[in-house]
Amino acid sequence: MGNIVARMGDGDRVDMTEAEVQQDLETGTQDAADRAKISPLTSDEVEYLMELYRRKDRVVGVEDSKTCCLSYDNQTSKIERAHIPVSKFQQLMLFERAFGADTLELAHIDYSFKQCKHVVIYEKPNMEQAVLSTIAPIFYGAMPNLGLYSVPDGPVPNPMDLIPMDRIDEAREAYAQMVEYAIKDMVYVGSQLYEFGGADGINFDTTAASGDAEFYAALKAAEILHEKYPAMGIEMGMSGEFILGMHAEIEYDGVRLAGLYPHEQVKLCEKAGVTIFGPAINIVTNQSLPWNLARSITFTKACSEVSNIPVHANLGMGVGGVPLVLHPPLDALSRASKAHVELCRLDGL
Amino acid sequence: MGMHAAHAIVSGMGGMRTAGDLVARMQLNRGMRIDAAKSYVADKLGVSVPDLADSVTMAELREDLNIGVVCEAPGVAKGIDAKFRIAKLLDLDINCVNLFKDKIGIKSYDPVF
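Here the protein sequences come in this chain order: V and Z.
Under the numbering used here, the first residue of the first sequence carries the number 247, and numbering increases by one thereafter.
Under the numbering used here, the first residue of the second sequence carries the number 18, and numbering increases by one thereafter.
It is possible that some hints are incorrect.
[Said to hold, decoys possible] Restraint-style ranges between C-beta atoms, simulated for each label pair:
1. V/Tyr434 / Z/Val87: 46 to 54 angstroms
2. Z/Gly92 / V/Ser333: 23 to 31 angstroms
3. V/Tyr368 / Z/Gly92: 28 to 36 angstroms
4. Z/Lys124 / V/Val552: 37 to 45 angstroms
In case anyone wonders, no lab produced these hints; they're calculated from the structure.
Keep in mind the model is a prediction, meaning the values are calculated, not measured.
Here a beta-carbon is modelled for each residue, glycine too, at the ideal position from N, C-alpha and C.
Work out the full structure, taking the sequences as your base and the hints as a guide.
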């Protein structure tokens, strides 16, 4: 058995024996299975991943019949972030006509609904112009980002100041107020960009980064928007595999949100009217990529199997088996992309 | 190579180089899963499912149907005009198309293929 050049979750290259890769694949999938109480990968699926790591190819790709649709987060900041001076409108055209994008997304550089609210008057005409000159379906996207509604960034007392003082009830009340503000902003921005801008859909990105209260706010906003505009596309991309119980008691449709894993999250998203769900499985940087990839696919596969709506898994820097680095290496990214799409039968990324 | 470009090569349908944008519309607005969305679009376009991700087949078909191509020829649909035709082809309400009709005061428009 030869050595395999693999990587750690932080991107560092490591030499591993086949036995070590095999062991990491098996312990990675078992970790996910134990946490979420789902099935681990089968021996055939582990062997598929093993074969992927044996290959010397720099880049691998999916079978022709398995191609899927790509959606994006913060699309119109991606080129701007590299300090290339092109406008948001030009970036949309580049994605559509040069980068093979299946969908587009107009976004504000300060990618949170609270911040977008202040510039919605400028974003609407941007969207109006974009839909005149592009052909692919287009989202308006931002993050729920509940943290922005508490001190020092917002008007509500910060639950993270209250909880260490054992003022739990006050912390929960603070979360309730933050949720109220966040829902209002998400519904306002979503409505404006859809009804007056002409967007095909709204993308809630990095949802539940602030925990269960934030997930609740996004679900309620999706529910309200779906009721107002039944034809609206709604994508909800998550921030991690596990809903943190920061509030700990908050429920949606009778289901406690704290502790939910992707295969449970997607069912609530369906109820709320979401049309595309994006599970996000965080990288553990001090474990190998084989361990992380097997773990991520186990969570994502369980989610895809129970979902009635398209699943676009998040495969970016630090999620979905892609190392936590700014410039993910092609060998790692292409293996994560191919393996997720084929083993989870994903609808998109 | 940015992540978006790598994913597009490894797993993506190819956007308007192929029929990726059309399949994505069915996911986005009808919540269709990938196989159902591909079958629906293939049926509406009168091609096979494998044709949908083939850039040669789709470039010719898109030009024939006038629903937008990457390398534009003069007179070929370039934006909202392509989407009027896509809405008709896919039997799908496209939000900006309806908004455009409202703005210019027409109730319906029936493109001829």
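Against the structure, the hints come out as follows:
1. At about 36 angstroms, the beta-carbon gap between V/Tyr434 and Z/Val87 misses the expected band of 46 to 54 angstroms.
2. Between Z/Gly92 and V/Ser333 the beta carbon distance is about 26 angstroms. The supplied range of 23 to 31 angstroms therefore holds.
3. For V/Tyr368 paired with Z/Gly92, a C-beta distance near 33 angstroms keeps the hint of 28 to 36 angstroms intact.
4. Z/Lys124 and V/Val552 have their C-beta atoms about 42 angstroms apart, which keeps the hinted 37 to 45 angstroms range intact.
Checked against the numbered hints above, the structure violates only hint 1.
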